[in-house]
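Engineer: Respectively, the protein sequence lines represent chains A and B. So in this note's numbering, spot 60 of the first sequence is number 178, and the numbers just go up one at a time. So in this note's numbering, spot 152 of the second sequence is number 318, and the numbers just go up one at a time.
Since the hints were derived computationally from the structure, they do not count as laboratory data. We put the beta carbon where it would ideally sit given N, CA and C, even for glycine. Check before you lean on any hint, since a few could be wrong.
[Stated by the list, open to error] Distance condition first, Cα-Cα at most 30 Å in a straight line; then the derived DSSO-like pairs of lysine-lysine:
(1) B:K825 <-> B:K536
(2) A:K202 <-> B:K671
(3) B:K671 <-> B:K825
(4) A:K196 <-> B:K853
(5) B:K576 <-> B:K636
(6) B:K608 <-> B:K636
[What the hints assert, rightly or not] Stretch-level coverage of chain A by chain B, calculated; a stretch enters the list once three of its residues show a Cβ under 8 Å from a Cβ in chain B:
(7) 255-261
(8) 278-286
[Said to hold, decoys possible] Residues from chain A that keep clear of chain B, each with C-beta distances beyond 12 Å, as calculated:
(9) R141
(10) S161
(11) E182
(12) I187
(13) V200
(14) N213
(15) D234
(16) D240
(17) N271
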Amino acid sequence: MNQASKQKKTGSPEVIKQYLTFRIGNEHYGLELSQTREIIEYSGITEVPLMPNFLRGVINLRGEVVPVIDLAVRLGRKSIEVQKRTCIIVVELQNNEQNHVLGLLADAVSEVIEMDDENIEDAPSFGANIRAEFIQGIAKREDEFVVLLDANNALSIRELAHLVEAQLQ
Amino acid sequence: MNLDGALQTFFAEAEDLLNSMEAALLRLDEGDKDMETINEIFRAAHTIKGSAGLFGLNDIVSFTHIVENVLDRARDEKITVSGDLLSILLPCRDHIAVLVENAMHERANDETCLAQGQALLDALKPWLGVAAAPVIAKQESNASAGFFDGNTGGSSDRDSWHISVRFGPDLLRNGMDPFSILRFLRTLGEITHITTITEHLPEFNDFDPEQLYLGFEITLGSNASQQQIEDAFMFVREESSIKIIPPRSNIYAFVNLIQSLPENAQRLGEILVKSHAITYQELEAALATQKNQAKALGKVGMLGDILIEEQAVAPEIVNAALDKQKKNNEKKSSPENRFIRVDAERLDKLINLIGELVINRQRVDLLASKMGNPTLIEAVTSMGNFTEAIRDAALTLRMVPIGDTFQKFKRVVRDTAKSLNKEIELEIEGAETELDRSMVEKLNDPLMHIVRNAMDHGIESISVRQARNKPDSGTIKLTARHDAGNIVIGIHDDGGGLDVEKIRKKAITNGLIEEGVHLSRQELFQLIFHPGLSTAEQVTNLSGRGVGMDVVKRNIEELQGGIEIESEMGVGTSLSIRLPLTLAIIDGFHVTAGNIDFIVPQNTILECVDLNSLNHVQGQNCVNLRGDQVPYIRLREIFSLQPGNHSREKIVVVQFGEKRAGIVVDELHGEIQTVVKPMGPIFQALKGIGGSSLLGTGAVALILDIQQLISFAINREHLRNNAFSVNIQEQE
Chain A
119 MNQASKQKKT GSPEVIKQYL TFRIGNEHYG LELSQTREII EYSGITEVPL MPNFLRGVIN
179 LRGEVVPVID LAVRLGRKSI EVQKRTCIIV VELQNNEQNH VLGLLADAVS EVIEMDDENI
239 EDAPSFGANI RAEFIQGIAK REDEFVVLLD ANNALSIREL AHLVEAQLQ
Chain B
167 MNLDGALQTF FAEAEDLLNS MEAALLRLDE GDKDMETINE IFRAAHTIKG SAGLFGLNDI
227 VSFTHIVENV LDRARDEKIT VSGDLLSILL PCRDHIAVLV ENAMHERAND ETCLAQGQAL
287 LDALKPWLGV AAAPVIAKQE SNASAGFFDG NTGGSSDRDS WHISVRFGPD LLRNGMDPFS
347 ILRFLRTLGE ITHITTITEH LPEFNDFDPE QLYLGFEITL GSNASQQQIE DAFMFVREES
407 SIKIIPPRSN IYAFVNLIQS LPENAQRLGE ILVKSHAITY QELEAALATQ KNQAKALGKV
467 GMLGDILIEE QAVAPEIVNA ALDKQKKNNE KKSSPENRFI RVDAERLDKL INLIGELVIN
527 RQRVDLLASK MGNPTLIEAV TSMGNFTEAI RDAALTLRMV PIGDTFQKFK RVVRDTAKSL
587 NKEIELEIEG AETELDRSMV EKLNDPLMHI VRNAMDHGIE SISVRQARNK PDSGTIKLTA
647 RHDAGNIVIG IHDDGGGLDV EKIRKKAITN GLIEEGVHLS RQELFQLIFH PGLSTAEQVT
707 NLSGRGVGMD VVKRNIEELQ GGIEIESEMG VGTSLSIRLP LTLAIIDGFH VTAGNIDFIV
767 PQNTILECVD LNSLNHVQGQ NCVNLRGDQV PYIRLREIFS LQPGNHSREK IVVVQFGEKR
827 AGIVVDELHG EIQTVVKPMG PIFQALKGIG GSSLLGTGAV ALILDIQQLI SFAINREHLR
887 NNAFSVNIQE QE
């Protein structure tokens with residue numbers, strides 16, 4: 119990945135990245151595949167009291183206690199209703215040289231796509247209805263758009279912790 | 167060995183030192199002419215330099231070294247500390263602070279920073295005298311290169327002087343630098359061999375950077391007279407042990423030397439090499455011969471015999487060394503050597519694995535009782551007992567007595583009392599009480615703060631004590647004891663005590679509490695932990711800056727502990743810190759409320775009762791338990807959980823410190839051994855939940871932090887009552 123971004127700087131046009139795409143409501147989103155760790159079936163979330171809506175609870179991921187984020191709420195949409203295809207995407211983010219593991223609730227996982235930078239457009243300054251810094255770019259696929267999320271911003275541990283703190287006050 | 171911990175200690179210490187350095191410089195600026203003040207500044211710089219050197223923070227060492235040189239000249243009254251010099255020394259102090267700060271954040275010192283440092287050093291030049299000593303950090307590297315080059319020397323050096331020196335432990339404190347002696351020796355001749363004797367270096371935790379632990383075995387090729395060589399050690403002779411063996415000495419001189427060596431040298435060969443009676447080459451050759459002989463004869467020849475055969479050493483030397491080796495071996499079997507040193511990381515790994523074992527055992531338990539096979543249940547139960555025993559045994563591995571931590575305060579109290587012009591004695595009780603190693607490290611800072619506070623604000627000055635009919639010397643007592651799965655650490659002083667009224671007034675002035683609000687004594691005392699509230703009338707360099715006590719409280723809470731204060735005006739103050747013995751694995755009680763599994767730490771539980779069997783105190787969340795009123799918290803309410811059936815509610819009566827309270831839950835499930843899993847940074851603001859844990863079913867349960875939960879409930883009630891009174895006022 120690092121190499122890929124370096125290439126971009128030196129002007130080489132061939133930068134292909136893989137994205138995991140998934141569906142929330144009718145919208146399609148993507149996350150860089152390198153940031154995702156696994157996809158698990160939705161089951162047995164332990165609710166944590168007094169938390170804001172975006173924080174659905176915690177799960178036991180093979181002995182590790184992992185918080186689960188309702189991505190829909192985080193993106194300003196209606197809370198996800200658990201259905202048959204609901205799943206949890208486990209992502210691993212680097213923050214302050216520490217690894218943070220988070221679970222993301224999604225309505226359904228679609229596929230892994232390969233995109234080169236040429237086909238990714240910058241986030242529109244308005245109209246996406248999502249905070250601009252959460253969007254890394256918009257990928258056009260056939261007749262649909264995939265919003266590629268900037269996980270480090272959309273899931274900033276510091277911001278999430280602040281939101282929890284605000285909720286508790 | 168946790169070097170990181172030590173490094174953190176250094177940063178904390180450096181900050182303190184820089185603060186006192188600043189204060190002392192300011193005192194000089196105000197016209198203080200006391201030599202002790204200059205000494206204080208010198209010591210601060212000296213300590214920072216010394217500790218920084220230990221961690222290889224060379225930028226700090228090299229800069230501070232020059233500053234120290236100037237201060238040293240001031241100390242010797244070679245220069246006077248005038249306003250001019252002060253106006254350079256203060257920025258120098260600030261520059262050291264910047265360097266320490268950078269090191270703390272692992273930032274490299276950028277060019278502007280280094281340039282600033284150089285500018286300051288240039289400004290200091292007029293005060294440095296003619297020959298400013300070069301920078302220590304460089305000296306050391308040069309020195310070692312120079313000295314150890316000699317080690318390649320070939321044959322035996324019995325033609326040279328042999329010097330065996332064990333420096334006195336206080337040498338560094340007295341301002342002596344062993345390297346300067348070695349440098350001086352080099353002016354007399356060539357150091358062809360040097361071995362550093364490091365046997366006396368203590369465990370890292372006991373390491374005192376101001377103490378000298380080293381000795382040297384030196385071989386010096388020189389035409390100097392014995393007197394000249396002895397003169398090199400003129401200033402250290404009294405406290406050090408120095409033996410000089412002239413060239414071509416009788417072999418008995420070496421025999422004597424070996425016998426007088428204090429070290430525990432392990433092998434005959436090493437001892438001989440160390441004293442340069444033989445060289446490594448001779449040793450290796452001898453070892454090779456030993457092997458060959460063993461092959462040829464089918465039996466291992468004695469190393470000593472071979473060395474004699476090879477004519478490398480005289481029999482007398484070998485016998486003396488053999489004697490010593492025998493003695494060393496005898497010492498081996500004494501009880502002090504029964505300890506095994508284990509890497510802390512390996513230990514933590516073991517504890518983690520046992521944690522997993524504990525969780526899995528719950529799972530097996532669950533499955534066995536589901537299957538209902540009595541033989542299986544029996545087997546599982548007995549396995550469970552062993553698991554428990556293993557867990558307990560493993561946890562004791564990490565336990566260390568708190569005495570070592572307490573002991574460090576002896577020095578702190580002595581030094582601080584001196585600087586405060588007070589007489590203070592430190593008493594220690596319960597030093598053998600054990601607690602988790604990881605907690606000991608985190609206790610250091612809060613304890614340091616409390617003790618300093620007690621010395622500074624608690625213990626009165628001698629004149630006040632005399633007026634109060636107290637002995638001149640104040641006492642600070644550190645105690646530790648176990649109490650129902652907790653450790654209770656007490657810090658008592660027989661000083662002036664806390665002035666409740668003064669605290670109240672200050673809190674009102676600072677807007678912490680409203681006038682007319684009634685608070686209990688304990689609640690008022692607890693206000694001293696509030697940031698910004700310091701009752702010291704005079705802010706001193708030690709404490710009284712109003713920061714600190716809040717940090718103390720936070721540190722203790724991070725360890726899942728609590729702190730209570732008892733104080734009486736004129737008599738003294740006692741703080742008790744209550745901590746769980748370990749953070750890794752706890753015995754808990756599994757309950758549910760709403761649809762969430764909770765775990766109440768077992769050591770807080772007094773009893774569990776049916777809520778409906780108790781008489782309620784009218785209109786309050788309070789029950790009558792055998793004549794005592796016990797307030798309770800309904801988990802479903804405080805955590806806004808789904809409402810449920812009230813008829814079957816149970817109350818878990820818990821105790822934390824002096825407080826007793828009830829936790830109302832929906833269902834009791836029973837005891838459970840549980841491994842504490844941290845919840846992660848997102849949940850940091852959540853009060854009342856101390857962590858999470860996994861149940862046998864694989865579900866996550868939340869561990870209640872009783873103390874936090876209770877104070878959370880109290881705060882909420884206060885808020886609600888306040889909101890209520892605001893409403894009334896508005897209606898009026």
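Engineer: The structure should be examined with respect to each hint, and the outcome stated for every one.
Structural biologist: Hints and how they fare:
1. B:K825 <-> B:K536: 39 Å, violated
2. A:K202 <-> B:K671: 62 Å, violated
3. B:K671 <-> B:K825: Since the Cα atoms of K671 (chain B) and K825 (chain B) sit roughly 26 Å apart, the hinted pair holds (cutoff 30 Å).
4. A:K196 <-> B:K853: Holds: K196 (chain A) and K853 (chain B) sit about 28 Å apart, inside 30 Å.
5. B:K576 <-> B:K636: The given pair, whose Cα atoms are some 22 Å apart, holds under the 30 Å limit.
6. B:K608 <-> B:K636: The given pair, whose Cα atoms are some 35 Å apart, is violated under the 30 Å limit.
7. 255-261: violated (count 0)
8. 278-286: holds (count 5)
9. R141: 25 Å, holds
10. S161: Violated, because the least Cβ-Cβ distance between S161 (chain A) and chain B comes to about 10 Å, which does not exceed 12 Å.
11. E182: 7 Å, violated
12. I187: 9 Å, violated
13. V200: 14 Å, holds
14. N213: Non-interface label fails for N213 (chain A): nearest chain B Cβ at 9 Å, not farther than 12 Å.
15. D234: 35 Å, holds
16. D240: At roughly 30 Å from the nearest Cβ of chain B, D240 (chain A) sits farther out than 12 Å, so the non-interface label holds.
17. N271: 16 Å, holds
Hints 1, 2, 6, 7, 10, 11, 12, 14 from the earlier list are contradicted by this structure; the remaining hints agree with it.
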